[in-house]
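Asker: Each chain, letter by letter, is given below.
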Amino acid sequence: MLLLLVLLSPLLGAVVLWAFGPQLRSWAGPIGSALIGVPFLATVALWRDATAAGGLHLGLFAWLSGWTFGLQLDRLSLIWSLIITGVGFLIHVYSMGYMDGDRAYARFFAYMNFFVFAMLLLVLSDNVVGLLVGWGLVGLASYFLIGFWFERPSAVAAARKAFVMNVVGDVGIMFAVFVIVARVGSIGYADIFTRFSAAFTANELFLVCLGLFIGCAAKSAQIPLHTWLPDAMEGPTPVSALIHAATMVTAGVYLVARFAPLWSASADAQELVGVIGALTAIAGAILGCAQWDIKRILAYSTMSQIGYMIMGVGIGAYDAGVFHFLTHAFFKAQLFLGAGIVIHALANEQDVRRMGGLRTRLPFAFAAMGVGVLAISGVPGFSGFFSKDAVVYGALAAGHPWLYAVGVVTAGITAYYMFRLLFVTFFGAYRGDVDPSDLGIRHPELAGTPESSGHYAEGEEPHHHAPSLLMSVPVGILILPSIFIGWLDAGGANAPWQRFFAGFFPHGAAEVTPPLSEIASTAMVFVVVAIGFAVAYVRYGAPAAQRDAVARLRGETIRMPAVLVNAYYFDAAYDMLLVRPARAIGAWYVRVFDPHVLDAAVREAAISAQWLGHLFRSFQTGLVRAYALSIAFGVVCVVAYYALAFGAGR
Amino acid sequence: MIAFWILAVVLVASAVFTVTAKKPVYSVVGLLVNFIALAATYLTLQAEFLAVIQIVVYSGAILILFVFVIALLSSGTRPFEVGPDKAPRILIPAVAIALLTLAGLTVTALRTPLTVIQSTSTNGTTGDANAFGSVANFGVALFTTNLLPFEVTAFILMVAVIGVVLIAGDETPGEEGARRRKRRPGVREPIVKDTLVR
Amino acid sequence: MTVSPESYVALSAVLFFIGVVGVIARRNPLIMLMSIELLFNAANLALVAYARAWVNNTGHIFVFLVITVAAAEAAIGLAIVAMTFRRSAHVDVDEVSALRG
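Residue numbers (the numbering used here), protein chains in the order written: chain B, 1 to 650; chain H, 1 to 198; chain R, 1 to 101.
I should point out that these hints are in silico values taken from the structure, not numbers from a laboratory. Among the hints, erroneous ones may be present.
As the list claims (entries may be wrong) - Subject to a maximum C-alpha distance of 25 Å in a straight line, what follows is the list of computed DMTMM-like cross-link-like pairs (lysine to aspartate or glutamate):
| id | chain 1 | residue 1 | chain 2 | residue 2 |
| --- | --- | --- | --- | --- |
| 1 | H | 23 | R | 94 |
| 2 | H | 23 | H | 85 |
| 3 | H | 22 | R | 94 |
| 4 | H | 23 | R | 73 |
| 5 | H | 22 | H | 85 |
Keep in mind the model is a prediction, meaning the values are calculated, not measured.
Between the sequences and the hints, there should be enough to build the whole structure, so can you do that?
Answerer: Quick look at the structure:
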């Protein structure tokens with residue numbers, strides 16, 4: 001029963017805040033946050049039941065034969081639920097400070113609660129249909145929240161783009177789900193996992209996994225359906241933290257982990273997922289080196305880290321991938337919330353070229369983001385170090401040396417661009433009063449400004465200030481897991497994490513003896529990370545670099561390769577191949593089809609009725625002679641009838 | 001035989017003259033000739049009573065009625081002026097349709113088998129009820145077998161008289177009638193004003 | 001009789017034809033009514049011819065009734081014509097087109 005409370009409490013919050021938002025006003029924040037905090041406590045209370053063998057099941061209702069809906073809390077969904085409700089709660093509290101003064105304060109919390117409900121539905125369902133419903137609702141919540149400041153046309157466009165790409169993914173996952181349900185005859189996971197091997201041939205299984213993965217790729221921003229994630233940064237920073245870092249984009253990872261039995265049975269699918277994950281990881285990392293917007297840097301880093309997770313669960317290292325999800329949720333949320341503090345303090349400035357020297361002015365933000373950067377780069381001792389190592393070593397152990405190489409190189413690049421972010425933002429002199437063109441910025445108005453967002457109420461002055469307690473406490477709380485939670489996987493096979501998931505996931509397809517030992521792999525990763533740090537330090541962090549920061553930044557901006565600036569031309573390609581033809585078809589419909597076919601049909605119907613009327617009217621001449629003529633004609637007909645019928649002939 | 005052909009020519013010629021004459025009085029005269037020829041034709045067909053009735057009723061009463069109405073409508077300086085022709089080319093379809101009727105009737109007639117029965121008594125007196133076509137023969141048939149139609153005919157005639165009185169007898173005496181009668185003769189208004197807005 | 005009934009019927013058809021043309025093609029109402037009388041008489045002729053052919057005086061009775069009705073109809077028709085065109089400038093049935101739609 002408590003499980004139902006976990007699911008429905010955020011829904012209640014969403015409904016209440018939607019309906020009574022204007023009346024509740026500033027109470028919306030505490031109410032929304034409380035209705036996320038309660039499920040978190042409930043989930044913690046259910047820990048024991050969930051970790052029992054088989055997990056906790058709560059059947060809800062049976063619809064058709066084989067279609068029983070219910071909730072389940074097993075180890076996998078437990079991890080996800082804790083993150084969703086826990087990190088979600090912290091972000092809600094943070095939002096109470098960040099969104100303070102916003103005109104649509106209550107609506108924000110309503111949408112956030114709705115998102116949490118949808119995500120919980122996704123992970124707590126014990127059947128694919130519930131998963132699918134949660135999947136769709138999460139996409140909807142993302143649309144609401146990206147376009148939250150809907151007076152900004154760029155926000156609306158970004159929300160639409162995200163939603164459309166998610167729909168593309170939805171098509172894939174829906175086909176896969178339909179095929180599964182049709183073949184297996186039931187929607188529950190338990191039934192599916194026991195019956196699927198008999199229901200599918202190898203090729204069919206690959207296609208099903210492909211369909212599922214298309215959904216993952218869209219939701220988790222993997223290549224080629226990744227272009228929506230950078231644009232999704234148009235939403236408020238808490239949204240970026242919760243949805244586009246910690247939870248929604250990891251739904252794809254959850255899907256693969258949940259369907260582990262299917263994936264483990266199809267080596268081709270695993271290969272595909274691993275390759276795409278690795279590709280996304282390195283592509284996202286490279287693009288992160290070319291960004292100047294603080295949130296976009298973090299967006300591409302999210303894309304890259306999720307690539308790691310996908311690679312991990314794709315090739316069969318399920319516990320490694322899930323562990324990386326766990327650590328990433330903490331340090332990415334922390335990075336985003338810290339960035340939010342910076343943005344808030346600098347009156348919505350988001351371009352790092354115009355920051356600098358914030359180490360002294362915003363020490364708390366520096367500390368928070370510093371810890372986050374250390375974690376994500378994989379500096380030994382911090383959480384990211386353990387999880388990233390687990391993933392890449394898992395790739396090697398499963399027999400994918402090329403993926404391992406890509407993972408290692410990406411770790412180095414990650415270190416480089418994250419430290420670049422840290423140095424440019426927090427070190428050196430403050431560059432906020434430097435003329436933008438000196439920094440190479442050609443369109444200063446495209447960065448966030450108070451006027452371009454609906455953040456401030458009318459007439460309010462933008463303010464430089466230290467963050468409020470509501471914002472700093474959640475960030476502070478997040479620092480601890482970012483540092484320490486990695487130790488859960490320390491200690492080899494006896495690590496708490498390994499024991500937690502022992503026997504839960506099926507084994508990967510092939511277990512080969514890896515060419516490197518785990519120690520050697522860890523050392524190699526460390527070396528690469530150190531190289532990345534060193535390059536970033538030389539370019540941005542060294543005192544010499546900081547002295548002529550303005551000139552260096554301008555030079556780098558001007559010399560940035562076009563292919564990186566345009567994000568590998570994915571957007572341009574989509575525009576050319578899909579958007580323009582669709583627009584052209586729409587325009588053709590408006591110009592040709594609608595007026596000349598549809599309207600014409602209706603018009604012609606009316607005209608023909610009129611014409612018929614005119615025709616009959618022309619008979620009514622009113623002339624006696626004409627009427628006499630028609631009578632005579634009638635006589636002719638009668639006579640003809642008699643002549644033909646009764647004239648027997650001589 | 002000869003009689004038939006002569007009468008046929010007269011009938012057709014007078015009919016054509018009736019239909020095509022310029023003035024209505026000419027038409028009346030043509031019609032009169034037609035009726036007389038028709039009466040003669042009836043005589044050749046041994047319908048003696050009908051021949052007489054034809055002359056007495058048709059040419060004697062109906063045609064006189066026509067003459068009176070022509071006289072009534074002729075009061076004025078220029079009687080029988082016609083307005084513009086609103087169906088100018090109606091003659092062609094009219095002739096076509098009429099020819100079709102003609103052809104149809106002829107074909108029907110020619111294709112019906114017919115055996116002529118010679119009458120047993122062609123020479124009988126008018127009062128001989130057995131002679132076909134005699135007045136007595138006709139009278140017997142009229143007042144015995146066909147009595148009901150005869151009575152109904154009387155009824156029809158009564159209705160016709162009442163109808164004529166109601167339709168055409170609208171001369172109200174008194175002020176209104178005097179006002180009407182004081183209108184200047186020769187001034188005519190068109191019957192119906194074309195009020196239809198196009 | 002030496003003349004076959006078909007000749008009389010043919011003659012009747014010709015008279016009918018002339019009458020039909022006259023009704024449709026003339027605009028003077030009086031002449032139209034006279035053409036209608038022609039039609040009646042054509043029919044009468046046919047009836048009498050067949051009565052003679054089959055030696056059956058029902059045909060004569062019928063003609064008698066037709067003549068009577070024709071008389072009544074002519075009376076009423078002329079009354080209508082007289083009343084309609086009493087004070088009109090043109091004695092032309094084309095003028096009576098109030099039923100024009």
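Asker: Name the hints, by number, that the structure is in violation of.
Answerer: Violated: none.
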